[in-house]
Structures are given as C-alpha cells and as structure tokens.
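With chain A's structure known, arrange chain B on it following the hints.
Protein chains: 2
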Amino acid sequence: MQEFFTEDIQQLNKLVRASFINSLGGFKSLVLVGTRNSNKQENLAPFSSLFHIGANPALCGLIVRPDEVPRHTLSNILETQEYTVNHVNEGMYFKAHQSSARYASEDSEFESVELSPEYKHGIMAPFVKESAVQFACKLEQKIDLEINGTILIIGKIIYVNIPDNSLCADGFIDIEAAGTLTLSGLDSYHSTTRLARLSYAKPGSWPKEI
Amino acid sequence: MQEFFTEDIQQLNKLVRASFINSLGGFKSLVLVGTRNSNKQENLAPFSSLFHIGANPALCGLIVRPDEVPRHTLSNILETQEYTVNHVNEGMYFKAHQSSARYASEDSEFESVELSPEYKHGIMAPFVKESAVQFACKLEQKIDLEINGTILIIGKIIYVNIPDNSLCADGFIDIEAAGTLTLSGLDSYHSTTRLARLSYAKPGSWPKEI
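Chains as they are written, first to last, in our numbering: chain A, 1371 to 1580; chain B, 1371 to 1580.
A couple of the hints might just be wrong.
All copies of an identical chain are treated as equivalent in the list; a pair is satisfied when it fits inside any one copy or across any two copies.
[Claimed, not checked] Here are the computed lysine-lysine pairs in the DSBU-like style, where the Cα-Cα straight-line distance is at most 30 Å: (1) Lys1572 x Lys1499; (2) Lys1512 x Lys1384; (3) Lys1499 x Lys1410; (4) Lys1490 x Lys1526; (5) Lys1578 x Lys1508; (6) Lys1384 x Lys1410; (7) Lys1384 x Lys1526; (8) Lys1410 x Lys1526; (9) Lys1512 x Lys1578; (10) Lys1508 x Lys1490; (11) Lys1526 x Lys1512; (12) Lys1526 x Lys1578; (13) Lys1410 x Lys1508; (14) Lys1578 x Lys1490; (15) Lys1384 x Lys1572; (16) Lys1572 x Lys1410; (17) Lys1578 x Lys1499; (18) Lys1490 x Lys1384; (19) Lys1384 x Lys1508; (20) Lys1384 x Lys1578; (21) Lys1499 x Lys1512.
Think of the hints as simulated: they come from the structure by calculation, not from any bench.
Just chain A, with the same shape it has in the complex (with noise of 0.2 Å):
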C-alpha cells in the first residue's frame, strides 16, 4: 500500500493532484448538462459532480467552478433558470468528452461534438437526443462555497425521460440496461455489470438479492 498525509498531497504537482483527488472519491455520475442563455445560444458540457439532495421534493446538486470550461453552464442557468441533465452512453462517451474543450463562446458544443439538441415540453434548454436517460431542472437555490469559490447548483426536477422497460415496479430505473456509463477521476469511462440488488437492511439478518 501507499500513504500520502496532508503535505505528501500539498506537494503533488498541480494536475497530478487534480487526478489524484479526483479519482479518490468513487465512481462518478458522468452527465452532459443543456443551457441556453435568453440569445438561445446553446452550451453543452460534461459534469461529474451531479449528487441526490432529496426525492420529495426531487432535488439534485451540482457543483460549478466559475473558472473553468463549463461557464456559460453556469451563467445560461442563473439567465434563465432551467438546465437539462442527460445520461452518456457508449455511443457518445468521446464526444461527451470533447464537450469539455474550450470552444469560442460564439460556438455550440453540441454542433462542434456533432451531438443532437432536442426541444421539448416548453422547456427552454436543449436536451440531448442521443441520451437515453434525460432529465430537466428548475434553478431553485444557489450556494457560494467560500472555501474554494466553487457553486453549489440545487434543482428541482421537473421532467423526466426514460426508455420503456426501464422503470421497475418499485421505481428503480435500470441504468445500466439503459446503456449509462461512469466515470472515475477525470477521463476514465467505464460501463458497469451488476452484482446484485440486495433488499432492505434489517438488523439480525442478512439482505437477500431482490
């Protein structure tokens, strides 16, 4: 085994640590996130930081640097108030990835990565026609976090697409089946094979595969 203590991290070059700290936490929720700003000028990017907050009301956090690539994310969202969130597959996991270059402000990623923009609902920022799992946010609280400057997003989620057959009885959405990869650290995709689901815990006997 290795050991690193708090100066062994401090003294890592820059985009070493970044890798490091960033791999370190699990696996990752690997979405593209739509906007439009009021021009609708469309913005696509790639996020890894999509965390549950709570289901009723249902709500999902984001974390934003103001000074990285996904900034028109970020300025599009407190324009406008509304967001998309889009599941990557196989199919589109290299362009998901292109996404996070630093195009022109002028262009669309998703006319650059050569990914689809789909309108529905009413619902102002484009989703993603290849994903197959897509969900859509209402802006409901943005938290500055003083400790490193980053943005803490919560939204609501106020639309939902996924593929028939999908959804289980007892409302768990099959991921996987749908194709959904993850990610670990900051450009490692993979697809996932399950284990089991395993019932709900009770002291003094073990869980059984449901």
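For chain B alone, kept in the frame of chain A given last:
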C-alpha cells in the same frame, strides 16, 4: 420512452419516488463512513452522496439526512471533527449494505456486520480494514440546506491509503483495479469495465485513448 412531469413525480408512492429519484442521477460513489464519538463508540454507515469539491485544498462533500439511519455519523463528525471514507469491493458489499440497518445506539456496526475497524496514525475515526482504498477527512464546514433539511458536510482530505501499483504517473488512481464498486438507485451494486481513458480535450481534434 416514458415521460414524467412534476405532478407525476409528486404523485408517486413515497418509497417508489425515493427509488426513482435516487436512480436518476446516474452511477454513484459507494463508500462506508467510519466515525467514533468521544466515548469511543464506533459507527459505520454506507453513503452514496460523496462528491468532489476541489483538489487544492483537497475537499469532498457528503449529504447527510438528520432523520435517517446514519444519524450517528453526523453527531460523531460534529463531536470529533474526523471521519474516514472507505471504498466498497465485491468481497464486502453485502456487509456494507447491511451496515445501513437501524442498529441500536450501543451496537457497533463493525461488529454487527463483521467488518474490522482499523486505527492508525493517530486518526480518531476507524477505517475499514477490508477496504483497499481508504482516506480520512477533517470537518471543515457544515452547511444546512434549508430547502429540505439535509446537511452538507465539507471535509478536507488529510490522509490517503491506496494499494501498491494503483497510482499512475499522472496522478490517476486505478480504482477499478482496486476492486471499487459503484451503486445505482438505493440498492443496486455494480462492478465496472474500463472502456478507455481519453486525452485532454481541445477544440479542433478528437480525444485519443491514453
């Protein structure tokens, strides 16, 4: 495809909605958080809401519900300012799942689910010996998310333990090789298969496998 709007989500049965919304955010980090109170009573609980906040300083976030099973996790972190984060592998995921059961306050989940507490380097909180990837955090900030009563715990990473040969020269930690699993929904456990690591994205050329 199947579509759901705000009202459809609200009308779902409470348990169905929890599973549905928890599935929607994509694959999740799956970790065991180890803590101890000032009387040295140990606690262990699974979390799927760990996320990256920044690399310099090395910060991660964790969403805690004050009213659910891992409530001892929260009170212990606030009491001692320290906690450990331990990846879950195939040899222990039944035990990790079982640690979410509502054990009595005086019971240690370590003992109940047959995982081994490990103490080292003067860190007060217990690590999980069976975990190949382990790290320790010092509490930096607690933010109450008034929107639904959950709590964001921000920790600074003060110690890291990873397996030999899992660290690449560029800082990437191969957590797949280390056996780390991922979770979808509330109870679905998955192993992973790397498709590729992709080179840093730049406008004008497609990324390459690295």
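Hints, one by one, checked against the model:
no.: 1; hint: Lys1572 x Lys1499; verdict: between (42 Å within a copy, 23 Å between copies)
no.: 2; hint: Lys1512 x Lys1384; verdict: both (28 Å within a copy, 27 Å between copies)
no.: 3; hint: Lys1499 x Lys1410; verdict: within (18 Å within a copy, 53 Å between copies)
no.: 4; hint: Lys1490 x Lys1526; verdict: within (18 Å within a copy, 42 Å between copies)
no.: 5; hint: Lys1578 x Lys1508; verdict: neither (38 Å within a copy, 35 Å between copies)
no.: 6; hint: Lys1384 x Lys1410; verdict: neither (36 Å within a copy, 37 Å between copies)
no.: 7; hint: Lys1384 x Lys1526; verdict: between (35 Å within a copy, 17 Å between copies)
no.: 8; hint: Lys1410 x Lys1526; verdict: within (22 Å within a copy, 40 Å between copies)
no.: 9; hint: Lys1512 x Lys1578; verdict: neither (41 Å within a copy, 36 Å between copies)
no.: 10; hint: Lys1508 x Lys1490; verdict: within (15 Å within a copy, 45 Å between copies)
no.: 11; hint: Lys1526 x Lys1512; verdict: both (12 Å within a copy, 22 Å between copies)
no.: 12; hint: Lys1526 x Lys1578; verdict: neither (33 Å within a copy, 36 Å between copies)
no.: 13; hint: Lys1410 x Lys1508; verdict: within (17 Å within a copy, 44 Å between copies)
no.: 14; hint: Lys1578 x Lys1490; verdict: neither (41 Å within a copy, 34 Å between copies)
no.: 15; hint: Lys1384 x Lys1572; verdict: between (45 Å within a copy, 19 Å between copies)
no.: 16; hint: Lys1572 x Lys1410; verdict: between (51 Å within a copy, 24 Å between copies)
no.: 17; hint: Lys1578 x Lys1499; verdict: between (38 Å within a copy, 24 Å between copies)
no.: 18; hint: Lys1490 x Lys1384; verdict: between (42 Å within a copy, 28 Å between copies)
no.: 19; hint: Lys1384 x Lys1508; verdict: between (35 Å within a copy, 22 Å between copies)
no.: 20; hint: Lys1384 x Lys1578; verdict: between (45 Å within a copy, 22 Å between copies)
no.: 21; hint: Lys1499 x Lys1512; verdict: within (28 Å within a copy, 39 Å between copies)
Violated hints for the displayed structure, listed by number in ascending order: 5, 6, 9, 12, 14.
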